[in-house]
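Asker: Taking the hints into account, I'd like the entire structure generated from these sequences.
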Amino acid sequence: MARSVSTGDLWWKNAVIYCVDVETYSDSDGDGVGDLIGLTQRIDYLAELGVTCLWLMPFYPTPDRDDGYDVTDLFGVDSRLGTHGDLVELLRAADDRGIRVIADLVVNHTSAQHPWFKAARRSKDNPYRDYYVWRSDPPPDTSDKVVFPDKEDGIWAYDERTGEWYLHHFYSHQPDLNFANPKVREHIAKSIGFWLQLGLAGFRVDAVPFLIADVDTDGDDVPGDPHEYLKALRSFLGRRRGDAILLGEVNLPHKEQRAYFGGSDGDELTMMFDFLGMEALYLALAREDARPLAKALKARPRIHPDCQWATFVRNHDELILDKLSDQERSDVFAAFGPEPAMQIYGRGLKRRLPTMMGGDPRRIRMVYSLLFSLPGTPTLYYGEEIGMGEDLEAEGRMAVRTPMQWEPTRNGGFSTAPPRRLIQRLVPDGYGPEHVNVADQLRDPDSLWSFMRTLIQTYRLCPELGWGDFRVLAAPSRAVMAHRCHWEGSTVVAVHNLSADPVTVRIPMDPDDLRGDEHVWLEDVIAHEATEIGRDGAVELTLDGYGHRWMRVRRGDPGGL
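Its first residue numbered 1, the sequence shown is counted upward by one per residue in full-length UniProt numbering.
No lab work stands behind these hints, which were simulated from the structure alone. Heads up, a few of these hints could be off.
Below, a list of computed lysine-lysine pairs in the DSS-like style, where the Cα atoms sit at most 25 Å apart [to be verified]:
#1 Lys295 with Lys13
#2 Lys231 with Lys255
#3 Lys190 with Lys231
#4 Lys145 with Lys13
#5 Lys323 with Lys255
#6 Lys151 with Lys183
#7 Lys190 with Lys145
#8 Lys118 with Lys151
#9 Lys13 with Lys255
#10 Lys255 with Lys145
#11 Lys298 with Lys151
#12 Lys183 with Lys124
#13 Lys118 with Lys13
#14 Lys255 with Lys190
#15 Lys231 with Lys118
#16 Lys323 with Lys298
#17 Lys231 with Lys183
#18 Lys124 with Lys298
#19 Lys231 with Lys13
Label-pair ranges, simulated between beta-carbon atoms [to be verified]:
#20 Leu514 with Gln41: 47 to 53 Å
#21 Pro558 with Asp95: 40 to 46 Å
#22 Asp444 with Asp144: 45 to 51 Å
#23 Glu256 with Pro511: 30 to 36 Å
#24 Leu461 with Asp265: 41 to 47 Å
#25 His519 with Glu288: 34 to 40 Å
#26 Lys190 with Val88: 35 to 41 Å
#27 Thr504 with Arg425: 44 to 50 Å
#28 Leu514 with Glu256: 35 to 41 Å
#29 Glu339 with Ala299: 30 to 36 Å
Note that the structure is predicted; figures quoted are calculated from it, not measured. Cβ atoms here follow ideal geometry from the backbone N, Cα and C, with glycine treated the same way.
Answerer: In structure tokens form, the structure reads like this:
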């Protein structure tokens with residue numbers, strides 16, 4: 001049965017999410033590591049940009065062998081980053097500025113240094129043994145199931161002390177938890193309740209398919225329907241904080257995604273990243289052909305009204321392209337990552353958007369305009385608003401987890417520590433802080449930062465984009481993506497040219513927008529210019545190379561526009 005939720009509780013429908021790696025964002029004490037106090041000092045910056053939801057990557061205690069995703073305490077704060085008191089101050093400062101805060105929920109696995117796993121390795125009859133998944137017989141070849149194929153050759157690791165193998169889908173120093181054990185589920189629920197009580201507004205749930213059901217093994221699944229566990233988490237979340245969200249990482253085919261939302265009931269994940277749409281976007285950009293993106297968006301499964309897609313062009317991991325065909329992936333590699341050093345795991349790229357776009361400001365801005373116009377909630381990764389690049393010499397995913405570039409000074413204003421003590425070096429070459437930084441762009445009305453701020457403000461004034469029904473509009477040019485979002489009698493039409501060549505197109509309006517006796521026209525919501533619709537019900541638009549326009553359907557006399 002569908003739940004009744006007021007629209008005020010569905011704040012995520014038109015939020016602007018901004019992802020931060022605390023240790024690389026702002027260092028307040030000069031030790032070379034970003035911290036919660038430093039992030040709190042930057043809250044006004046995020047508010048000025050227009051961020052409404054801050055997503056924190058893991059800040060929990062960790063040996064830091066996987067950038068914090070190897071957790072040793074589900075209830076703690078890493079001492080390098082601060083204290084619980086520092087986190088509360090961040091939450092208070094964010095709340096004062098209308099910014100909600102969510103954090104990574106990393107519970108598919110723990111660090112091998114977690115006290116639970118240390119105890120589990122002492123003996124086969126240890127009480128914590130069943131917190132993890134073990135097998136006594138040698139495992140078969142599972143090299144095709146590993147998440148990091150360049151680091152692991154299977155998903156089972158041998159423990160010499162007890163003579164058995166333990167399950168790990170990620171690194172061998174990250175053993176998988178056993179969700180068939182009620183005590184494990186109880187601990188996770190308590191950790192969720194703890195962080196909600198402190199003030200978090202929800203969680204980005206890491207590796208959801210591995211969390212609820214391990215399809216690679218026998219005997220370790222949660223009893224019954226594995227989705228029941230996800231439903232229980234969502235129910236618990238709702239009881240503790242009614243407007244809190246679960247934003248899931250689910251990179252699966254469309255036919256499987258709907259189940260993770262809870263099907264027609266919408267009682268599992270609140271939001272889900274649209275990985276397939278992101279991959280199709282890069283294929284469309286590589287081919288300068290909008291059809292792959294349009295096809296992917298139209299193929300999205302129908303979801304409950306209380307659920308939402310999260311859209312993005314770059315996340316904090318590799319830019320994964322595993323759902324594309326070999327030829328499609330080859331086309332994207334050729335366009336945006338032709339060198340082996342730019343690729344990762346044979347399935348993705350370790351680059352940021354500006355470098356992939358060759359630094360062309362027209363193309364970069366068109367892509368972000370397209371992102372914010374798509375149906376769903378836009379998610380930004382820190383540094384995207386100023387066009388940061390990557391460090392290709394950094395290992396794996398760390399290429400795009402470089403320190404934030406605040407000023408054109410040593411260390412980019414990130415830290416006062418000697419450069420050798422930084423948690424990671426800054427981006428080198430043409431995208432370093434001397435060329436790309438916040439301070440310069442805040443003073444420049446023509447900068448990417450100023451464009452992004454205007455884009456965010458415009459998006460917030462167009463609830464149709466987050467709440468509305470989506471339709472693709474026919475365009476005579478393959479390079480043009482045209483679509484409409486309609487909500488409560490109002491419609492926004494967005495048109496984007498994916499090619500470098502100017503184009504003039506006639507786009508037929510949706511018949512629903514032309515009904516009635518009043519004169520119908522389009523208002524550019526950024527330039528505030530009127531565009532007439534022809535008698536044939538089509539609008540003629542001329543777009544520059546990588547040009548883009550957002551227009552709201554208006555009725556009556558255009559007046560002074």
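Asker: Below or equal to 25 Å on CA atoms is what counts here, so check Lys231 against Lys183.
Answerer: 17 Å, holds
Asker: Are the Cα atoms of Lys145 and Lys13 separated by 25 Å or less?
Answerer: 35 Å, violated
Asker: Is the distance from the Cβ of Thr504 to the Cβ of Arg425 consistent with 44 to 50 Å?
Answerer: 47 Å, holds
Asker: CA of Lys190 to CA of Lys231, is that 25 Å or under?
Answerer: Holds, at roughly 16 Å.
Asker: Is Lys255 within 25 Å of Lys145, Cα to Cα?
Answerer: 21 Å, holds
Asker: Verify the CB-CB distance for Glu339 and Ala299 against the hinted window 30 to 36 Å.
Answerer: 32 Å, holds
Asker: Holds or violated: are the alpha carbons of Lys190 and Lys145 at most 25 Å from each other?
Answerer: With a Cα-Cα distance of about 31 Å, the restraint between Lys190 and Lys145 is violated, given a limit of 25 Å.
Asker: What's the verdict on Lys323 and Lys255, does the C-alpha distance respect the 25 Å limit or exceed it?
Answerer: 13 Å, holds
Asker: Is the straight-line distance between the alpha-carbon of Lys118 and that of Lys151 25 Å or less?
Answerer: 23 Å, holds
Asker: Could you see if the CB distance from Glu256 to Pro511 stays within 30 to 36 Å?
Answerer: 34 Å, holds
Asker: Straight-line Cα separation of Lys231 and Lys255 no greater than 25 Å?
Answerer: Between Lys231 and Lys255 the Cα gap is close to 19 Å, so the pair holds against 25 Å.
Asker: CB of His519 to CB of Glu288, is that within 34 to 40 Å?
Answerer: Holds: the Cβ-Cβ distance is about 36 Å, inside 34 to 40 Å.
Hints 4, 6, 7, 11, 13, 14, 15, 18, 24, 26 from the list above are not met by this structure, while the remaining hints are.
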